[in-house]
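Produce the complete structure using the sequences and hints provided.
First to last, the sequence lines map onto chains A and B.
Numbering follows the working numbering, in which position 14 of the first sequence is assigned residue number 14; successive positions increment by one, without gaps.
Numbering follows the working numbering, in which position 25 of the second sequence is assigned residue number 25; successive positions increment by one, without gaps.
If you're looking for bench data, these hints aren't it; they were derived computationally from the structure.
It cannot be assumed that every hint is accurate.
Claimed, not checked - Label-pair distances were calculated between CB atoms; the ranges are:
| hint | chain 1 | residue 1 | chain 2 | residue 2 | range |
| --- | --- | --- | --- | --- | --- |
| 1 | B | 82 | A | 89 | 52 to 58 Å |
| 2 | A | 131 | B | 79 | 50 to 56 Å |
| 3 | B | 242 | A | 37 | 53 to 59 Å |
| 4 | B | 182 | A | 6 | 45 to 51 Å |
| 5 | A | 131 | B | 175 | 21 to 27 Å |
| 6 | A | 27 | B | 105 | 40 to 46 Å |
| 7 | A | 27 | B | 209 | 32 to 38 Å |
| 8 | A | 69 | B | 119 | 56 to 62 Å |
| 9 | A | 89 | B | 126 | 18 to 24 Å |
| 10 | B | 130 | A | 12 | 37 to 43 Å |
| 11 | B | 208 | A | 202 | 56 to 62 Å |
| 12 | B | 196 | A | 119 | 44 to 50 Å |
| 13 | B | 242 | A | 120 | 53 to 59 Å |
Ideal placement from N, C-alpha and C gives every residue a C-beta, glycine not left out.
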Amino acid sequence: MLEVEHLEVAHGDAVAVWDVSLSVRPRDLVTVVGPNGAGKTTLINAIAGLQPIRSGTVRLDGGDLASVPAHELCRHGIALVPEGRRLFPAMTVEENLEIGCYAPPARRLRGQSLERVYATFPILRERRRQLAGSLSGGQQQMVAIGRALMACPRLLLLDEPSLGLAPQIVDQVFAVVAGIHADGVAVLLVEQNVVQAFAIAARGYVLEQGRVVAEGAPSQLAQDARIREAYLGQQ
Amino acid sequence: MPSPTCRPASGCLSSPHENRALPSLNLIGQSLLAGLFTGGLYALLGLGLSLTWGLLRVINLANFALAFLGAYLTYQLATAFRLDPILTLVVIVPGFFVVGIGLELGFLRFKINELTSLIVTFGLTVILESLIQWIWTADFRRLEWPYTRVSLRIGTLFVGLTGLLAFGAAALLTLGTWAWLRWSYLGKAARASAQDGPMAGAFGVNRRRLALLLAGLSAAYAAVAGLFIALNHTLAPSQIYSWIGVVFAAVIIGRLGNALGLLAASVFIAASEALTMAVTAPGWAPLVSFTLLIVILLLRPEL
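Written out as structure tokens, the structure is:
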């Protein structure tokens, strides 16, 4: 469903992503791993329309996304859980979730989407009148994921959802992502937590210095001696 | 009510009174009432400023000049065509809505930020002041209409009809705006855009259209403020500047983008000013708003 071909993205003159091609098929769970500064966030932001593309194409179901304004991307079924969560801190939890279903197609399903998010994250139902900025990091991550789910996406983009969270919260986040995937949503997961990302992904890409240096099934990638050493901490 | 020499804030109730040490209960009541009405005018003038500052990060000083342009247009339509001043809003409000959109288009085109907006809109204010002076001269103008001098008597207090109307309009518009921002999807989108624009955009908020709507609304509010300035005060082009300080204080104390906070702050400041004038002398009034602003900023610096 998502086809990225020869993508090049730059911050000003500094090129952050070179000639990256990747694809996500319907109901796929694909992960992109790599060290800090490899261009993972730039890549996912470019797909989400937050970052202009210098060259190459991003296609969704065959349609080029370059001509689609950022605020219409979500109508095509893409939703983003950005790096650092980027909630609306001075708004309540429920208001944050409601922005997720702002686009008319998702807005019609507001009630049932809210129920689904509150069923997945019961703590958010208790905190729904609380300001998002006052929540703990783990709860904020739940709001960020819930907000994206409110958009009823067919393709969910997740940028390091485990960053800065306590280990047991990280396990919970990965379980939730696997559950979303099991419900039939395609997922593109950018992660530094390679072990857990490989555990739930069907396919993986390794990004280093803005280029894809390896791709394949996680089980195959984990065989590669260099990847084992660099990302899995094994000799 | 006010003479050209006394500041709009006053309502100038403090007649040269005999008993300076202890003002009568009636004088205090009358002062509080004047505070309520003047506070309504502050809130009407501040509403557009608070919205564009809080939600669009544009500090629009031209809001004050627009309000005076609205006041003069009301005066002109009422005196030339014998049109009821309140009815002039039917023409002026939609016109100002379009003007507000035009201004915001310019701000967006030139990527204006908070600081540059202050400079650019100061320039616009000076231009509008000159325009007003060119058309209507620097002479004082007073809109006379059958109901501008009507007072209702409640107990021992005199309640000016136009002041009451100003407060009613301020209460209606601030409450309506507050409710709209709090509960409607558009209102939530506006608040979300102010906090993280690109993320709001990623979830489908058309920020450009929303910004134009907010800017249009703000200018429309200035038109309403203009009507009540014309009904309650004597007009002179230079008076544009006399409102800026105190309305800024009200907008900041009420919190940027918070319409209800603005109304409360406006009435609080105006009532404090009126009481100060009743107890001491009119000259002390301007000190009140800024003392309040400084004290509140010291206590709650996160504003």
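Practice task
Return the numbers of the hints above that this structure violates; sort them in rising order.
Solution key: Those not satisfied are hints 8, 9, 11, 12.
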